[in-house]
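A.B. asks: Just so you know, the sequences run in chain order A and B.
Here this note's numbering is used: the first residue of the first sequence is 1, the next is one more, and so on.
Here this note's numbering is used: the first residue of the second sequence is 1, the next is one more, and so on.
Any given hint could be a false lead.
When the alpha-carbon atoms are kept at most 25 Å apart in a straight line, the in silico BS3-like pairs for lysine-lysine are as follows [to be verified]: (1) B:44 - A:165; (2) A:89 - A:293; (3) A:269 - A:6; (4) B:57 - A:108; (5) A:89 - A:108; (6) A:293 - A:108; (7) B:57 - A:134; (8) B:266 - A:134; (9) A:132 - B:266; (10) A:269 - A:293; (11) B:123 - A:89; (12) A:293 - A:8; (13) A:165 - A:132; (14) B:44 - A:132; (15) A:34 - A:89; (16) B:57 - B:44; (17) A:108 - A:8; (18) A:34 - A:269; (19) A:132 - B:267; (20) B:125 - A:134; (21) A:8 - A:269; (22) A:165 - A:134; (23) A:6 - A:108; (24) A:34 - A:8; (25) A:6 - A:293; (26) A:89 - B:125; (27) A:6 - A:34; (28) B:57 - A:34; (29) A:108 - B:44.
Derived from the structure by calculation, the hints contain no laboratory data.
For clarity, every value in this text was computed on a predicted model and none was experimentally measured.
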Amino acid sequence: MAELTKEKLLWIYERMRLIREFEDRASELFAAGKIPGFVHLYAGEEAIAVGMCALLTDDDFITSTHRGHGHCIAKGVDVNEMMAELYGKASGACNGKGGSMHIADVTKGMLGANGIVGAGGPLACGSALMAKVKDTDQVTICFFGDGAAEQGTMHESMNLASIWKLPVVFVCENNGYAQTTPAHYHCAAEDIADRATAYNIPGFSVDGTDLFAVYEAAEEAVARARRGEGPTLVECKAFRYYGHFEGDNLSYFTEEERARNRERDPIDKFRQRVLERGLLTEEELAEIDDRVKQAVDDAVEFAEEAPYPDPEECFTDVYVSYP
Amino acid sequence: MTNRTLTFREAFNEAIRLEMRRDPTVIIMGEDIAGGAATHLEEKGEEAWGGDLGLTKGLVQEFGRERVRDTPISESSFIGAAVGAASTGLRPIAELMFVDFFGVCMDQIFNQGGKLRYMFGGKAKVPIVIETLIGAGFRAAAQHSQCLYSVFTHMPGLKTVVPSTPYNAKGLMSAAIRDDDPVIYFVHKVLLDTSGPVPEDNYVVPLGQAEVAREGQDATVVAIGRMRLFALQAAEELAQDGLSVEVVDPQSLSPLDEETILESVKKTHRLVVVDEDNPRCSVATDIVTLAAQQAFDYLDAPPQTVTAPHTPVPFSPALEDVYIPSAARIVEAVQAVTG
Chain A
1 MAELTKEKLL WIYERMRLIR EFEDRASELF AAGKIPGFVH LYAGEEAIAV GMCALLTDDD
61 FITSTHRGHG HCIAKGVDVN EMMAELYGKA SGACNGKGGS MHIADVTKGM LGANGIVGAG
121 GPLACGSALM AKVKDTDQVT ICFFGDGAAE QGTMHESMNL ASIWKLPVVF VCENNGYAQT
181 TPAHYHCAAE DIADRATAYN IPGFSVDGTD LFAVYEAAEE AVARARRGEG PTLVECKAFR
241 YYGHFEGDNL SYFTEEERAR NRERDPIDKF RQRVLERGLL TEEELAEIDD RVKQAVDDAV
301 EFAEEAPYPD PEECFTDVYV SYP
Chain B
1 MTNRTLTFRE AFNEAIRLEM RRDPTVIIMG EDIAGGAATH LEEKGEEAWG GDLGLTKGLV
61 QEFGRERVRD TPISESSFIG AAVGAASTGL RPIAELMFVD FFGVCMDQIF NQGGKLRYMF
121 GGKAKVPIVI ETLIGAGFRA AAQHSQCLYS VFTHMPGLKT VVPSTPYNAK GLMSAAIRDD
181 DPVIYFVHKV LLDTSGPVPE DNYVVPLGQA EVAREGQDAT VVAIGRMRLF ALQAAEELAQ
241 DGLSVEVVDP QSLSPLDEET ILESVKKTHR LVVVDEDNPR CSVATDIVTL AAQQAFDYLD
301 APPQTVTAPH TPVPFSPALE DVYIPSAARI VEAVQAVTG
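With the rest of the complex left out, here is chain B (with noise of 0.2 Å):
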């Protein structure tokens, strides 16, 4: 391992830079993801804000406005310009700024991009990462909190992936960039500024990979994304009452790996899983019915769901708050299935 510490931004900012370096077809568009276009700070080879949040600050000043462009605020035309260009030779990586804005461009997403390979019969690829935000808890309101990432997994031709530390979020960029094909890299906006080590040579976390978190006996905890500090806290939690709790964090769900997930519930003969999108239709009703098919002999209990409401995110911190799994609903949900 390593003794260096990054942020989730930087590992994340880290992994583009490598791999514009590593491949000059690689090029990344976006609002705002430099800034400043066409004003002084382009003259002086600078940029305003290097994204909303800061996550491509810098790429412009090492690789120029040719290959890191802002965009204007018209995602159908940009990310479906990302499709065309990956479909004829180029690796683009497009930043829809908000999981939310989704439905002004689904289209170019999931009938074009999607699609392409398989209505040409397999003679075209589409290597194209939309990077995204998502997530509650920053009082962002409805319009700028949800996951939807089960949204996307639900559509054949799309890859999706919810990297949960530092250290995935640069080897799942690094995978996502050099897949051929189109992969969803969603960003949880409450992960940025959390740390941990990331090496410094340009690794790989394999797509369909998932990652056992904490090593356990009496409970799985299938956690995705942000969702897994909360699965290590309960479980940390849980081990004062001498409950021993394995944490499986998916870090891609499509492709899903189903046989970390199997083989963990066939030990634990528990499962609760725990996820911050809607309920219904999602990836943890999914993962839920992927045990029941096929570890159903194995399950001492019925397994339970840790999920956010079937609602839009409100406001109020109040309320936000209420909507948001927390490490204490987990650490329930563990005590149901182990009772």
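Next comes chain A alone, as it looks inside the complex (with noise of 0.2 Å):
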């Protein structure tokens, strides 16, 4: 692994802890009523997607999942327009349009959430697609999770990126239950990875609580994609601390499963690790505490304050044209 610089690495913890502070919140402001529908939190993951997202450019493209905040964060998506979002608002990233389900920001290669499990794995051929055709370096990064692995979607995908050595990351996040079913159920495999071999590609299945272990994955798969040699399936194991989706009461999560989850906490692992190789100081991590923690604030602020949309928005954007 090339070694990160100060910079990269501010940047990584700046982004793994608005991630967690977004989320916090955005449960804060559900169970408050603020923030109508379905919203699914990401903490307990910010390792996978800021380490992912570390190697990439805007011009890079992710597909998410249903659980997107995170992606959004780590691929630079504005947190004012995020929460707007959520809200519903008309200065939400998507004029209100889409929800915490379908977050999306096309100027930063952010693909949308997507309501539907496994439906990102095409899509993000598509992109990785138009980059082999324009003959372009851009690499696309589909994240998904443990329970669409089992999609024939994913399936499909992983094999037609193989046959085309078209430059995706397949990002399994495997965070161990799809919605409460646990992956020792419905996964077949021990390892999602194990199943790369039969698309004929790399696999690697990597500590998705620990950045550097993902950023090095990160950094191979990447790699490869650039150069044209095709697609990597990494599969990162991690846990989430929220629900499936706000609401969900976890009943199925014992005791001793959350205290070994909070022990391998991602964000408390990486600060431990940069202050004791003496990479970060005390006082940088508590500046971008505070920093994040404005953020967030501000976000709430700006989309409490931001205006609902006009009714007639219901009609638009259907269609670029309809005569």
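Got two chains here, separate frames each, mind docking them using the hints?
C.D. replies: Structure (structure tokens):
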């Protein structure tokens, strides 16, 4: 693994903390009745989105899942616009027409959270195909969950990407549960990464709570994609703090499991490592902690004050043109 | 017009060829659209089939395998890939071999392709064409013979076109490729060998524009796709009895040229809609509703529909011929509304 610059380490910590702060606040706001609809929170999985997106530029693409806030933040989507979108406001990233499950910013290469499990695989093949046909070096990262791993679309997509040598990195975020159903029940494989063999592509299973492990896998997979050598499957094993969606009481988790999860918190682990090795200082981290808290405070204020869309907006944006 | 005659198949192929020459971002992919990928044929720059029914013949020789891509039998992945590529800068054409296969990939068509723009607040566009074979008459039985365009027409975000002649086959394809929205282009397999005049230039037939295929005074017959041919036959027969029938071909179902249909109904005061799709929640019932809501006072008789029955398509030729609407049934329906 190449040495991470101080600037990159600060960016990583800031993004991970911003995701956590955003998600914790979204949970409170949902409970307070401020955010309507379905909300699926990413807390616990921060190292995956951030470790992966650390290798990308705005010209690269990601496809996301129903649990998409973390991917947005890691890819640089504006948190004010994100929060306003969760509120259904006109200033939202999608003008309030998408909500949490469809939050997107194509100008940042974020091709959308997705309400359909496993739907991002084919779309990721598409942005990667565009890059291949136009002969650019753009890479697409396709985030999908362990639940999506059992969808036919993911198998089709990994096979298609392999035979066409598409510049995609398939990142399975294995948080252990498809809604409430554990991976050891729904998945016949020990490691989802083992399936890479069947598509004749490299596959790694890494600790998704270890930023450095994720980054190392990302480095190799993204480089391979940029070289035009085709896709890689990276399975990141992690956990989620919150339920499948907000309102889920997590009855299927045991106390021991929760305690175990708290001990492998990805942000704590990152802090510990950078402090132990003297890569960053307590002051630098504290400064970021304050900054992200302020950023989320500002985002909530922005969302609260933003107007709702005009009723006429219901009828726009269906087509580019429709006589 | 032109003296040149092409088959529907040739006109379809020519539209794609001209658009691919005009715009390097146009690509096409589907199962065996060239055929023989990774065999000795590919090494020789040749194709095995050029599509199951030869619709895409010769494209790979001109444009190469990068832009003319054989796919695995994985409709979800390659149609979804076409959606993803469209939203990031290409203009892909994806072939869904038979429309009856939409069940395996509909999510990518209606939940992704048809909704991305709206869900993203207008900040994306999806210029994709999905071309697909429809229609009975090939003795291809229940899973290779339906029309089903009503299903897609129902869905916001998708546009639907049903060409009926070599002329509009070419012009609608060019328009569909240039359009910035997802267009589903339905090809009736029985029309492929029909021929007609097709100009050599790269023209478009605008989406959302109907064509009056025959002018008349006594009744309006709106006929979709292949049904236009039967309606014209029926009109010819009825002319012998002194009845003057106007035949309107919508060409596009979404957007629908309501104006041309309503103008015709207001002129003739009688309406028959001919549609090979199944009758419930169909384009035929939609057009009847249009007339009832917007031209009720002009109607001198209850509108009639001539459609397939509400059944799957049977295999036996003896049964399939019963399934498909006929010129004789159109004659009867016109006689009923004018009698």
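A.B. asks: If a hint holds in the structure, say so; if it doesn't, say that too.
C.D. replies: Against the structure, the hints come out as follows:
1. Between the alpha carbons of residue 44 of chain B and residue 165 of chain A the distance comes to roughly 22 Å, so the proposed pair stays at or under 25 Å and holds.
2. Taking the CA atoms of residue 89 of chain A and residue 293 of chain A, the gap is about 22 Å. The hint holds against a cut of 25 Å.
3. Simply put, residue 269 of chain A and residue 6 of chain A have alpha-carbon atoms about 17 Å apart, close enough for the 25 Å limit, and the pair holds.
4. Taken as a hint, the residue 57 of chain B and residue 108 of chain A pair is broken in the structure, with Cα atoms around 39 Å apart against an allowance of 25 Å.
5. Between residue 89 of chain A and residue 108 of chain A, the direct Cα distance comes to roughly 20 Å. Compliance with the 25 Å bound is thereby established for this hinted pair.
6. A C-alpha spacing of about 23 Å is found between residue 293 of chain A and residue 108 of chain A, which places the hinted pair at or below 25 Å, so the restraint holds.
7. About 24 Å separates the Cα atoms of residue 57 of chain B and residue 134 of chain A, which keeps this hinted pair within 25 Å; it holds.
8. For a cut-off of 25 Å, the pair hint linking residue 266 of chain B to residue 134 of chain A is broken: about 52 Å separates their Cα positions.
9. Restraint check for residue 132 of chain A and residue 266 of chain B: not satisfied, since their Cα atoms lie roughly 54 Å apart, outside the 25 Å limit.
10. The straight-line distance between the Cα atoms of residue 269 of chain A and residue 293 of chain A is roughly 20 Å, inside the 25 Å bound, and the hint therefore holds.
11. For the hint linking residue 123 of chain B to residue 89 of chain A, the alpha-carbon distance of about 16 Å falls within 25 Å, and the restraint holds.
12. This hinted pair checks out: residue 293 of chain A and residue 8 of chain A have alpha carbons roughly 20 Å apart, not beyond 25 Å.
13. Annotation: proposed proximity of residue 165 of chain A to residue 132 of chain A holds, straight-line Cα distance about 9 Å (limit 25 Å).
14. At most 25 Å may separate the alpha-carbon atoms for a hinted pair to count; residue 44 of chain B and residue 132 of chain A meet this at roughly 23 Å.
15. For the suggested pair residue 34 of chain A and residue 89 of chain A, the alpha carbons sit about 12 Å apart, so the restraint of at most 25 Å is met.
16. At most 25 Å may separate the alpha-carbon atoms for a hinted pair to count; residue 57 of chain B and residue 44 of chain B meet this at roughly 15 Å.
17. The hinted pair formed by residue 108 of chain A and residue 8 of chain A meets the criterion: a straight-line CA distance of about 19 Å does not exceed 25 Å.
18. Taking the CA atoms of residue 34 of chain A and residue 269 of chain A, the gap is about 32 Å. The hint is violated against a cut of 25 Å.
19. Only pairs whose Cα atoms come within 25 Å are accepted, and residue 132 of chain A paired with residue 267 of chain B is rejected, the gap being roughly 55 Å.
20. With a C-alpha separation of about 18 Å, the suggested pairing of residue 125 of chain B with residue 134 of chain A holds against the 25 Å cut-off.
21. Between residue 8 of chain A and residue 269 of chain A, the direct Cα distance comes to roughly 17 Å. Compliance with the 25 Å bound is thereby established for this hinted pair.
22. With a C-alpha separation of about 14 Å, the suggested pairing of residue 165 of chain A with residue 134 of chain A holds against the 25 Å cut-off.
23. A C-alpha spacing of about 24 Å is found between residue 6 of chain A and residue 108 of chain A, which places the hinted pair at or below 25 Å, so the restraint holds.
24. With a C-alpha separation of about 35 Å, the suggested pair residue 34 of chain A and residue 8 of chain A falls outside the 25 Å cut-off, and the hint is violated.
25. For the hint linking residue 6 of chain A to residue 293 of chain A, the alpha-carbon distance of about 22 Å falls within 25 Å, and the restraint holds.
26. For the suggested pair residue 89 of chain A and residue 125 of chain B, the alpha carbons sit about 22 Å apart, so the restraint of at most 25 Å is met.
27. Simply put, residue 6 of chain A and residue 34 of chain A have alpha-carbon atoms about 38 Å apart, too far for the 25 Å limit, and the pair is violated.
28. For a cut-off of 25 Å, the pair hint linking residue 57 of chain B to residue 34 of chain A is broken: about 57 Å separates their Cα positions.
29. Restraint check for residue 108 of chain A and residue 44 of chain B: not satisfied, since their Cα atoms lie roughly 42 Å apart, outside the 25 Å limit.
Checked against the numbered hints given earlier, the structure breaks hints 4, 8, 9, 18, 19, 24, 27, 28 and 29 and satisfies all the rest.
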